[in-house]
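*Asks:* Residue strings, one per chain:
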Amino acid sequence: MAKEMIYADAIAAAIVEEMQRDPNVVFYGQNMALTERDPMLQKFGKERVRVAPISETAEIGIGVGAALTGLRPIVELWMSEFMLVAFDQVINEAPRLRYMSGGQVSVPMVLKAGYGFCAGWAGQHSNCIYHTMMGIPGLKVVVPSTPADAKGLMTAAIRDDNPVVYLHPYMLTLDKGEVPDGEYVVPIGLADIKRTGSDVTIVAIGWMVKKALAAAERLAAQNISAEVIDPRALAPLDVATIVNSVKKTGKVVLVDQAPRQSSAAAVIAGEIAEHAVGSVSALRMVTALDAPIPYSEPLENYVVPNEDKIVEAVRSVMAQEAVAA
Amino acid sequence: MPHKIAQRSAPRKQQVRRDQLAWMYTQMVRIREFEESVKRTFIEHPGVIRGHSHLGDGAEASIVGALSTRHPTDFVMPSYRCHGYPIVLGTPLCNMMAEVFGRKDGLCHGFGGSMHLADPARYFPGTSGMVGQSIAHATGAALTAQVKNSGQIVYCFFGDGASKQGAFFESLNMAAVWKLPIVYVLENNQYQAYTHFRLEDANAAAGDRLSKKADAFSMPGATVDGTDPVAVRTVIAKAAKRARAGQGPSLVETKFYRLSAHGNLITVPPLPTQFPEHEAVAVYGNRKEFEQWKAKDPVKGFRARLLKDGALSEAAARRIESAAHAEVEEAVEFALASPLPAPEEALEYVYA
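Protein sequence lines correspond, in order, to chains V and P. Going by the numbering used here, the first residue of the first sequence is number 1, and it counts up by one from there. Going by the numbering used here, the first residue of the second sequence is number 1001, and it counts up by one from there.
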C-alpha cells in the first residue's frame, strides 16, 4: 500500500521513524526546535533534538565527533552552500577519518541540505555544488527526485555507516507523490528507471528528473520513446544501469542543473564513453550555462535547463544516424 | 573573578600519592623516550618515516598531568601532535612505532602515520591533521557522552595555534550553550609552527594569558605552569570535576615550551629529512630563549623534585628510565621487522 505525501513530509517521516527506531539518532541545526511546542522536541526531547548556533564548522564537526563515538547525527544545514564555510569537515574530515584509522572507526552521519533554489535567490543560494562532493572517496551523495525516494534515501542515509550528503532539490519541496507505507529503504547507489523507453536515454538529476519526465511525455506525442534514468545517488554512481540503457537506445541526453564544466553530467558522459563507446551515436549534455545564478527571472530562466532545452536536445540526437549494428 | 577555576599559585603537592607520582614520572619518561626515538630514526634509519612527524617533547607534564585525572572510559581527543596521549592510555608502543613507520602491524595498518594515530578501544577515536578541526570532533564526543548519559567526559588537547581557528570559537560556544562534559586543554607551546605566539594571538599581544578566551564563552578559564605535572593535574581536576557534574566545559591553558622543532624538515624525496634546530634558534636566532626553557625541561624537573621530596629514589628513577628505554627499543625493532602493507590493501576501509 502507498499513500500520497508531500516531498518535505516524506523526508520528515523518515527522520521521525528512524529516531523512533534508534535512540542514537540525533537531529540538530539552525533555527529549528525553538519552542516547547516543536513536534520533534515533544516527541524526542531536548537531548536528541536541538537548535544550533550559526556555526557550520562546529555543527558538522560536532556531528563527526558524535558519529565517531556512537551517535548517528543528522545535521540540518538548510542550504547546500552553507556547507561551504565548513568544507574541511565535509570533504577532509568526515570521509577521511575511517580510512586513516585503518578501518577502526566509522562516521555514520547525514548532512541534510536543500539546493538549486531557482526562485530569485541569486548567486549564492541557488547553486548545485554536488560535483564538489561526488569525487570524495568515503563520502556518499544522494539526490532524491520524488517523495518516495526522499523517504527511502533518508532512511538509508541514516542507517548508513558512512557520512552521507543528502541533497534535496528545493524546487520539489511541495511536490506530491505516492510513498510506500511503513518502513521504506532505497539502497544508496542504485539508479531508478523512472520511465522506460527504447529510442533515447535521458539521465537526469534531482529537479531535472521532473523536467525530463515532462519532456519525455511531449516527445512521446512525437513518437519518440525516451527512457528516463535517475541515478538517485551521485556517489557511489550506478554506472551499470545507465550503460545498459544506453547500449539499448544508442542515444543519450544528460540533464544536470549544474554548470557544464565539471558537472555530474560530464562525469557520466565519461563513463558512457569508456563503457558504451561503440553503441552510442549521439550524446548531448543539457546543463546550466557556465554562469552563476542571476537574480532576475528571465536571466535565471536563461541559465538553468528547462523542458524545452531537453526536448530540443533529444530531437537533435535523434537526428543523428544510428551506429551500424 | 567568578569563573576562575584556579589561580596560578603553587598547588599543594602532598595531595598526590607516591604511587601516583611514580606513575606520572613513568609516563613522562615513556613519552620522552618515544619522541627521542622517533627523532633519531630520521638519522639512524633514513626514509623509514615518511611525510611529517610532530613531537611532544616538552609537553609531557601537560599530557600526563591532565590524563592523571582521567577515568577509565573518558575520551581523549588530541591534535595531530598525538604520540604522547595513547602512550599514557596504554596503547602498545610497538604498534604505535609500526604506524609511524607505515607498517602492516601499525595501529592503523599504515593508513594514518604519525599524524593520525587512533586507538578507539582505549577511547582515543583519532585525530585530524587540519589545525583546530579536531576541537569540533572532541566536542561531538562530548555530545555523545551527554546524549547517552554515559558519565564520560572528553579531554580535548590542541595547541596555541589551533586556538585561532574558527572551529575553536564555534565549538567552545556550542559546548558552553549545551553544557557539554569536556575539558579544553590549550597546550601553549609558544610556537604556531614557526610563528611565535605573540605575533599572532590577540591576548598574548596584549600581555594577557590565552585562557582569557574563556571569558568570551562565559566558561571558566585558567592558565597553569605546563612544566609542572602536579600543577596541571590540580587545575585539570577541577575542570574535570565540573564537566562530570554536568556544569559544562572549561578552558585550561597549560604553558610550556616545545623542545623540538615543529616537525621534521619538509623536503621533496629523495632528499633526506630530519629534525632541524628549534625555531627559536633557526628562525629567530634566539638561543638564549631556547636554553632557558631547556633548563626548565619538565621531565628533568619532575625527576629532581621527586628525588628531593623523597617521593622517588635514584634507583627507582633509573629503573623507570631503563624500562622505558628498553620498551621503546623493542618497539623500534618490532616496527622495523613488521612488513609493509600489501599495495592492494589501499582500497580497504574507504567505506564502512
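By construction, these hints were calculated from the structure, which means they are not laboratory data. Predicted model only: the values in this text are computed from it and were never measured. For glycine and all other residues, C-beta sits at the position ideal for the given N, C-alpha and C. Among the clues, some could well be false.
Unchecked claim - One-sided and incomplete, this derived list gives chain P residues near chain V with beta-carbon spacing under 8 Å:
id	residue
1	F1111
2	H1116
3	A1136
4	G1140
5	K1164
6	P1269
7	T1273
8	Q1274
9	E1277
10	Y1349
Claimed, not checked - To give an idea of the interface, some chain P residues facing chain V are shown, with a C-beta separation under 10 Å as derived from the structure:
id	residue
11	E1036
12	D1119
13	Q1133
14	V1147
15	G1151
16	G1263
17	A1315
To be verified - Far from chain P, by Cβ distances over 12 Å, these chain V residues were calculated:
id	residue
18	M5
19	A12
20	Q42
21	G45
22	V85
23	D88
24	E93
25	H125
26	K140
27	D161
28	A220
29	S296
30	K309
*Asks:* So, for every hint listed, does it hold in this structure?
*Replies:* Right, here's what the structure says about each hint:
1. For F1111/P, the interface hint holds, since its Cβ comes within 8 Å of a Cβ in chain V; the closest pair sits about 4 Å apart.
2. Hint status for H1116/P relative to chain V: holds, with the closest Cβ pair at about 4 Å, below 8 Å.
3. For A1136/P, the shortest C-beta to C-beta distance to chain V is roughly 2 Å, which falls under 8 Å, so the interface hint holds.
4. For the restraint placing G1140/P at the interface with chain V, the shortest Cβ-Cβ distance is roughly 2 Å, inside the 8 Å limit, so the hint holds.
5. Violation of the interface hint for K1164/P is found here, the shortest Cβ-Cβ separation to chain V being roughly 13 Å, above the 8 Å cut-off.
6. The beta carbon of P1269/P is not positioned within 8 Å of any beta carbon in chain V (closest approach about 21 Å), and the interface hint is therefore violated.
7. The criterion of a C-beta within 8 Å of any C-beta in chain V is not met by T1273/P, whose closest approach is roughly 21 Å, and the hint is violated.
8. Violation of the interface hint for Q1274/P is found here, the shortest Cβ-Cβ separation to chain V being roughly 24 Å, above the 8 Å cut-off.
9. Annotation: E1277/P was flagged as interfacial toward chain V, and the flag is violated, the nearest CB pair being 30 Å apart, outside 8 Å.
10. Taking 8 Å as the C-beta contact cut-off toward chain V, the hint placing Y1349/P at the interface holds, the least distance being around 4 Å.
11. About 25 Å separates the beta-carbon of E1036/P from the nearest beta-carbon of chain V, more than 10 Å, and the hint is not met.
12. A cut of 10 Å between beta carbons decides the hint on D1119/P: the least distance to chain V is about 8 Å, and the hint holds.
13. Proximity of Q1133/P to chain V holds as hinted, the smallest CB-CB distance being about 6 Å (cut-off 10 Å).
14. Given the 10 Å rule on beta carbons, the hint for V1147/P holds: about 5 Å separates it from the nearest Cβ of chain V.
15. A hinted interface residue such as G1151/P counts as satisfied when its beta carbon comes closer than 10 Å to some beta carbon of chain V; here the least separation is about 14 Å, so the hint is violated.
16. Contact between G1263/P and chain V, as hinted, is not supported at the beta carbon level, the nearest pair being about 17 Å apart and thus beyond 10 Å.
17. About 40 Å separates the beta-carbon of A1315/P from the nearest beta-carbon of chain V, more than 10 Å, and the hint is not met.
18. Here M5/V stays apart from chain P, with its beta-carbon at least about 29 Å from theirs, past the 12 Å limit.
19. Against the 12 Å criterion, A12/V stays outside the reach of chain P, whose nearest CB is about 21 Å from its own CB.
20. The beta carbon of Q42/V sits about 17 Å from the closest Cβ of chain P, which is more than 12 Å, so the claim that it is off the interface holds.
21. Listed as a non-interface residue, G45/V fails to keep its Cβ farther than 12 Å from every Cβ of chain P; the least gap is roughly 10 Å.
22. Distance check on V85/V: its Cβ comes as close as 8 Å (rounded) to a Cβ of chain P, failing to clear the 12 Å threshold; non-interface status is violated.
23. With a closest Cβ-Cβ approach of about 5 Å to chain P, D88/V is found to fall inside the 12 Å limit, against its non-interface label.
24. The claim that E93/V is not at the interface with chain P is violated, since a C-beta of that chain comes within 12 Å of its own (minimum 6 Å).
25. Every Cβ of chain P is farther than 12 Å from the Cβ of H125/V; the closest lies at roughly 21 Å, confirming the non-interface assignment.
26. With a closest Cβ-Cβ approach of about 8 Å to chain P, K140/V is found to fall inside the 12 Å limit, against its non-interface label.
27. The claim that D161/V lies off the interface is violated: its Cβ sits roughly 4 Å from the closest Cβ of chain P, which falls inside the 12 Å cut-off.
28. For A220/V, the condition that its CB be more than 12 Å from all CB atoms of chain P holds, with the nearest at approximately 39 Å.
29. No Cβ of chain P comes within 12 Å of the Cβ of S296/V; the nearest lies about 34 Å off, and the non-interface call holds.
30. At the 12 Å boundary, the C-beta of K309/V stays outside the reach of chain P, the nearest C-beta of that chain being 36 Å off.
The structure is inconsistent with the numbered hints 5, 6, 7, 8, 9, 11, 15, 16, 17, 21, 22, 23, 24, 26 and 27, although it conforms to all the rest.
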